[in-house]
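Quick note, the sequences are listed as chains L and R, same order.
Using our numbering, read the first sequence as starting at 80 and increasing by one per residue.
Using our numbering, read the second sequence as starting at 80 and increasing by one per residue.
A couple of the hints might just be wrong.
Since the list gives no way to pick one copy over another, a pair counts as held whenever it fits inside one copy or between any two copies.
Under the rule of at most 25 Å between Cα atoms (straight-line distance), these lysine to any residue pairs were calculated in the SDA-like manner [claimed, not checked]:
id	residue 1	residue 2
1	152	252
2	101	449
3	318	252
4	108	305
5	82	193
6	318	145
7	152	249
8	246	145
9	152	221
10	152	321
11	108	170
12	318	598
13	606	212
14	318	275
15	614	452
Bear in mind the hints are in silico, worked out from the structure with no lab data behind them.
2 protein chains.
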Amino acid sequence: MRKTNNYQPVILAEQRVGHDFKFDPLTTKINIDASQLSAQSNKGLIDTLRQRLQQRLGVPVSIPLSLMNTLGKLCREDIEAITVTLAAGNDLDENGSAANYQLIHLEPGNQSHFNVGLAIDIGTTTVVVYLVNMVNGDIIAKASAYNSQIKLGDDLLSRIMAARDEKGLSELQSLIVETLNNLIRQISAEAFLQAPAISGVCIGANTTMVHLLLGLDPSSICREPYQPVVNKAGIVYAKEIGLEVNPLAPIYCLPSIGSYIGGDVLAGILVSGMHQEEELALLVDIGTNGEFILGNNEWIVACAGAAGPALEGGVTECGIRAEEGAVDHVTIDSESRVSYTTITNAPARGICGSGLIDSLAELFLAGIINRAAQFSDGRERFVIVPADESADGRELYISQQDINSLMRTKGAVNAALEVLFESVGCRWEEITRFYAAGAFGQYLPLESAITIGLYPDLPREQMMRLGNSSGEGARQVLLSNQRRREIEQIASRITYFEMNASNRFMDKYSGSRFLPHTNMEFYPSVKEKLAARQKG
Amino acid sequence: MRKTNNYQPVILAEQRVGHDFKFDPLTTKINIDASQLSAQSNKGLIDTLRQRLQQRLGVPVSIPLSLMNTLGKLCREDIEAITVTLAAGNDLDENGSAANYQLIHLEPGNQSHFNVGLAIDIGTTTVVVYLVNMVNGDIIAKASAYNSQIKLGDDLLSRIMAARDEKGLSELQSLIVETLNNLIRQISAEAFLQAPAISGVCIGANTTMVHLLLGLDPSSICREPYQPVVNKAGIVYAKEIGLEVNPLAPIYCLPSIGSYIGGDVLAGILVSGMHQEEELALLVDIGTNGEFILGNNEWIVACAGAAGPALEGGVTECGIRAEEGAVDHVTIDSESRVSYTTITNAPARGICGSGLIDSLAELFLAGIINRAAQFSDGRERFVIVPADESADGRELYISQQDINSLMRTKGAVNAALEVLFESVGCRWEEITRFYAAGAFGQYLPLESAITIGLYPDLPREQMMRLGNSSGEGARQVLLSNQRRREIEQIASRITYFEMNASNRFMDKYSGSRFLPHTNMEFYPSVKEKLAARQKG
Numbered sequence: 080m081r082k083t084n085n086y087q088p089v090i091l092a093e094q095r096v097g098h099d100f101k102f103d104p105l106t107t108k109i110n111i112d113a114s115q116l117s118a119q120s121n122k123g124l125i126d127t128l129r130q131r132l133q134q135r136l137g138v139p140v141s142i143p144l145s146l147m148n149t150l151g152k153l154c155r156e157d158i159e160a161i162t163v164t165l166a167a168g169n170d171l172d173e174n175g176s177a178a179n180y181q182l183i184h185l186e187p188g189n190q191s192h193f194n195v196g197l198a199i200d201i202g203t204t205t206v207v208v209y210l211v212n213m214v215n216g217d218i219i220a221k222a223s224a225y226n227s228q229i230k231l232g233d234d235l236l237s238r239i240m241a242a243r244d245e246k247g248l249s250e251l252q253s254l255i256v257e258t259l260n261n262l263i264r265q266i267s268a269e270a271f272l273q274a275p276a277i278s279g280v281c282i283g284a285n286t287t288m289v290h291l292l293l294g295l296d297p298s299s300i301c302r303e304p305y306q307p308v309v310n311k312a313g314i315v316y317a318k319e320i321g322l323e324v325n326p327l328a329p330i331y332c333l334p335s336i337g338s339y340i341g342g343d344v345l346a347g348i349l350v351s352g353m354h355q356e357e358e359l360a361l362l363v364d365i366g367t368n369g370e371f372i373l374g375n376n377e378w379i380v381a382c383a384g385a386a387g388p389a390l391e392g393g394v395t396e397c398g399i400r401a402e403e404g405a406v407d408h409v410t411i412d413s414e415s416r417v418s419y420t421t422i423t424n425a426p427a428r429g430i431c432g433s434g435l436i437d438s439l440a441e442l443f444l445a446g447i448i449n450r451a452a453q454f455s456d457g458r459e460r461f462v463i464v465p466a467d468e469s470a471d472g473r474e475l476y477i478s479q480q481d482i483n484s485l486m487r488t489k490g491a492v493n494a495a496l497e498v499l500f501e502s503v504g505c506r507w508e509e510i511t512r513f514y515a516a517g518a519f520g521q522y523l524p525l526e527s528a529i530t531i532g533l534y535p536d537l538p539r540e541q542m543m544r545l546g547n548s549s550g551e552g553a554r555q556v557l558l559s560n561q562r563r564r565e566i567e568q569i570a571s572r573i574t575y576f577e578m579n580a581s582n583r584f585m586d587k588y589s590g591s592r593f594l595p596h597t598n599m600e601f602y603p604s605v606k607e608k609l610a611a612r613q614k615g
Numbered sequence: 080m081r082k083t084n085n086y087q088p089v090i091l092a093e094q095r096v097g098h099d100f101k102f103d104p105l106t107t108k109i110n111i112d113a114s115q116l117s118a119q120s121n122k123g124l125i126d127t128l129r130q131r132l133q134q135r136l137g138v139p140v141s142i143p144l145s146l147m148n149t150l151g152k153l154c155r156e157d158i159e160a161i162t163v164t165l166a167a168g169n170d171l172d173e174n175g176s177a178a179n180y181q182l183i184h185l186e187p188g189n190q191s192h193f194n195v196g197l198a199i200d201i202g203t204t205t206v207v208v209y210l211v212n213m214v215n216g217d218i219i220a221k222a223s224a225y226n227s228q229i230k231l232g233d234d235l236l237s238r239i240m241a242a243r244d245e246k247g248l249s250e251l252q253s254l255i256v257e258t259l260n261n262l263i264r265q266i267s268a269e270a271f272l273q274a275p276a277i278s279g280v281c282i283g284a285n286t287t288m289v290h291l292l293l294g295l296d297p298s299s300i301c302r303e304p305y306q307p308v309v310n311k312a313g314i315v316y317a318k319e320i321g322l323e324v325n326p327l328a329p330i331y332c333l334p335s336i337g338s339y340i341g342g343d344v345l346a347g348i349l350v351s352g353m354h355q356e357e358e359l360a361l362l363v364d365i366g367t368n369g370e371f372i373l374g375n376n377e378w379i380v381a382c383a384g385a386a387g388p389a390l391e392g393g394v395t396e397c398g399i400r401a402e403e404g405a406v407d408h409v410t411i412d413s414e415s416r417v418s419y420t421t422i423t424n425a426p427a428r429g430i431c432g433s434g435l436i437d438s439l440a441e442l443f444l445a446g447i448i449n450r451a452a453q454f455s456d457g458r459e460r461f462v463i464v465p466a467d468e469s470a471d472g473r474e475l476y477i478s479q480q481d482i483n484s485l486m487r488t489k490g491a492v493n494a495a496l497e498v499l500f501e502s503v504g505c506r507w508e509e510i511t512r513f514y515a516a517g518a519f520g521q522y523l524p525l526e527s528a529i530t531i532g533l534y535p536d537l538p539r540e541q542m543m544r545l546g547n548s549s550g551e552g553a554r555q556v557l558l559s560n561q562r563r564r565e566i567e568q569i570a571s572r573i574t575y576f577e578m579n580a581s582n583r584f585m586d587k588y589s590g591s592r593f594l595p596h597t598n599m600e601f602y603p604s605v606k607e608k609l610a611a612r613q614k615g
């Protein structure tokens with residue numbers, strides 16, 4: 080039975096984590112009284128401006144040749160004030176203040192109250208652009224679209240293959256730049272501004288997406304020596320990649336720490352604040368790949384591994400992406416009656432990742448599948464949406480094969496986490512915070528993910544969804560050079576643990592194919608739920 | 080009578096002034112063992128390279144996007160070594176070391192023994208390009224040509240007029256860039272290298288020439304507010320102005336301190352070392368404009384003023400530029416017999432500035448003109464080259480009008496210097512060094528210039544020609560970031576003295592129209608010369 084969906088997707092961090100940051104954006108506007116620039120002995124206009132700005136900022140300011148004439152023209156126009164836009168440089172001092180600035184725009188009048196930038200989350204599937212007010216930090220508008228690179232391949236591996244010659248690489252770069260430019264046009268129109276007014280951009284993305292955006296060859300990411308071209312690209316300029324904002328606008332891609340732990344994951348750490356807390360925290364980002372971060376203010380370890388495509392909607396028989404008409408929440412009562420909701424409440428077209436996780440958990444709690452994740456009565460499938468309720472008159476179901484595929488994902492995640500814990504000599508009970516990051520972290524139903532053992536069973540107040548932490552991390556770094564320094568320090572602090580090199584992984588993997596876990600003691604709340612259902 | 084010319088024009092400083100500088104060029108090459116860049120845990124290639132370079136240099140190194148892929152390609156080629164070329168940034172620390180570097184080139188193999196740059200002197204008339212070995216400081220080759228901007232105007236003022244619309248400005252920029260590119264092609268061919276191998280450029284030029292090279296509007300240089308667009312342009316990049324060297328090569332124009340005291344003059348101060356000595360020194364650069372610098376290691380004052388076009392060869396009746404067939408040296412004996420030499424010993428075509436100065440001095444010493452610079456016998460002209468010796472069968476002579484025009488130049492120089500001296504409360508006797516800088520400083524006959532009172536009469540060992548000090552200053556700054564800091568400090572130390580605002584100038588001007596000077600006591604050696612001639 081379809082119910083109305085009241086679920087609001089989380090845009091940015093659902094629970095704002097309590098770490099304030101110093102407001103000191105990537106680009107900043109300063110208003111200058113034009114009379115201060117008029118002829119003083121033999122000083123040049125540009126020299127006078129540079130000196131004023133350097134006095135104000137306390138660090139060197141460089142002025143590109145392309146803007147030198149502009150100032151002369153502006154000054155001849157007999158205006159009262161000039162507003163300069165300055166972009167922080169690559170290098171930051173120990174307090175996270177920029178060691179130098181570059182002038183990137185000059186405009187007549189006092190425009191210092193209006194400065195906008197973009198925080199962008201480039202996912203393999205979805206791209207989200209946030210228009211950010213860099214004067215007060217607010218999000219002015221948001222737009223999202225599929226990553227047009229999908230044309231050349233659904234997943235990372237197929238895109239890396241498509242980029243193996245220069246033509247393919249250049250096409251993939253053009254596709255993502257086109258996606259971004261379309262979103263920029265859309266969001267600019269919505270906010271009634273000209274795209275070149277956008278003065279700075281910060282991007283959260285995985286390592287491969289950053290390579291493709293910058294036109295860097297990603298081939299060594301997935302083959303020997305498994306080494307990206309760059310982890311910390313630093314600031315590049317909009318004109319270098321053809322982004323249609325101010326051509327001199329700095330673009331900062333959040334740093335990665337290798338082929339598998341990208342800026343999107345580091346953004347999760349930054350947003351969670353786990354790198355600053357004494358308490359031990361675990362951050363999990365599950366997609367086709369799973370990334371796992373464990374640590375606190377003293378140490379951070381990371382590992383990554385394939386999680387399988389089960390949640391992406393591409394492999395299960397009725398699976399689709401989280402789009403209009405996707406079944407996203409499912410409950411099954413003790414009489415095996417199903418209720419579900421769909422995205423935008425449209426007639427059901429398929430089941431997305433969160434619907435699948437719900438289905439598996441509910442089938443287990445209802446006793447329809449056993450702890451080994453087999454249908455207790457030996458059936459082949461279980462219908463979630465009857466044919467007469469679906470969009471195309473086709474039954475939507477979950478099959479034993481689908482369940483096996485989900486169990487492989489869950490098993491991989493369990494195994495990775497256990498190997499990671501063992502490696503650092505740490506016990507589950509020591510975890511006092513759990514963060515769900517990434518695209519699935521935003522939408523995955525927490526209770527069901529615990530029920531099937533995908534997430535650990537912790538007191539709920541210790542568990543937190545980070546929302547679109549990649550976008551939120553990008554926003555914070557856009558707004559604070561101190562945050563930029565912080566994420567770069569996080570990157571340098573992380574110890575990466577190579578999962579594939581571990582034999583223990585396969586041992587753990589095979590040992591974790593039960594619901595919720597081989598060792599039920601790890602999942603007290605699931606035990607309670609089962610008991611409650613059996614009672615009820 | 081024509082004699083053979085043995086005169087060797089001075090290329091760079093005739094007497095190397097005793098100030099050594101720290102060798103630390105604008106661009107530098109470093110050889111890296113390729114094995115040091117191979118995969119280390121999850122580090123990216125670029126990150127590893129950046130880290131190595133930062134460790135080596137002790138300052139941040141930025142790597143432009145355009146070179147990031149190049150490294151990946153080089154590393155896949157299984158080579159043993161990589162050579163990186165690094166360009167020093169704009170900012171220098173207090174020791175004159177670069178505060179940051181940018182990678183500008185990557186090449187296979189160890190090429191660190193070969194790094195070349197250009198020191199360029201852009202004069203209003205003549206452009207000289209020196210190809211400099213940036214590993215040992217040697218000049219490898221030299222080429223010079225007329226500045227093609229002459230097409231649009233002979234002198235500064237007519238070029239500034241020609242640049243008053245954007246088309247004219249852009250044409251003037253193209254012309255100088257074309258002149259430079261032609262010289263670069265010529266010099267590269269001569270040295271058997273490819274022009275893109277040139278990794279850094281340093282330019283000595285007057286304020287207007289720098290504006291035209293950079294495409295900056297020079298109009299306010301010669302009219303209210305008499306303020307250049309920029310004095311210290313800092314580093315720009317070759318691709319920004321279309322110079323056909325490495326497109327990422329830094330181009331540093333020596334700073335100016337206003338419309339009238341350009342980087343060419345500051346180069347003279349730098350090369351002379353007067354800014355570091357306790358002794359008081361006077362530096363004079365006479366062309367159509369005269370620039371005058373007085374000072375020592377504690378203070379420096381400067382002034383500038385029109386000197387008139389007499390020396391340029393364009394206004395005297397038989398005057399030509401210092402080119403093939405120009406009479407450049409003249410002696411007149413007590414019987415009024417003339418001997419002269421010509422440039423390249425070609426048949427005489429006209430008289431250039433140095434020939435005019437010699438003629439005036441010799442006419443005076445021979446008693447043919449009196450102290451008021453009038454022909455004693457009332458004649459109208461004096462023939463230097465008889466018609467049958469000249470190239471076109473025409474007499475070459477110096478007229479009373481020519482003499483008057485030369486006297487105006489001399490008078491302007493005398494007046495400017497006297498006002499300057501008075502302004503700082505300084506007497507002639509305190510000067511212990513005299514430096515002749517600029518194009519005329521290289522070629523002007525010292526003794527004759529003293530005889531006519533254009534130069535002061537000091538013990539000859541205290542007088543020094545700086546040769547092409549603009550080119551030499553550019554070479555030193557190209558080879559030493561410390562020198563760059565020094566010239567920037569000189570620029571900030573100079574007090575500019577506005578000559579045109581001074582009524583005293585006109586008083587002095589009218590009082591200095593005698594040979595060598597109203598007060599003969601200032602010119603003891605000229606007194607002796609006169610006495611000697613009268614005896615002989």
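Subject >> Index of numbered hints that the structure contradicts, given in increasing order >> reply: Numbers 2, 4, 5, 9, 12, 13 - these are the hints that the structure violates, sorted from lowest upward.
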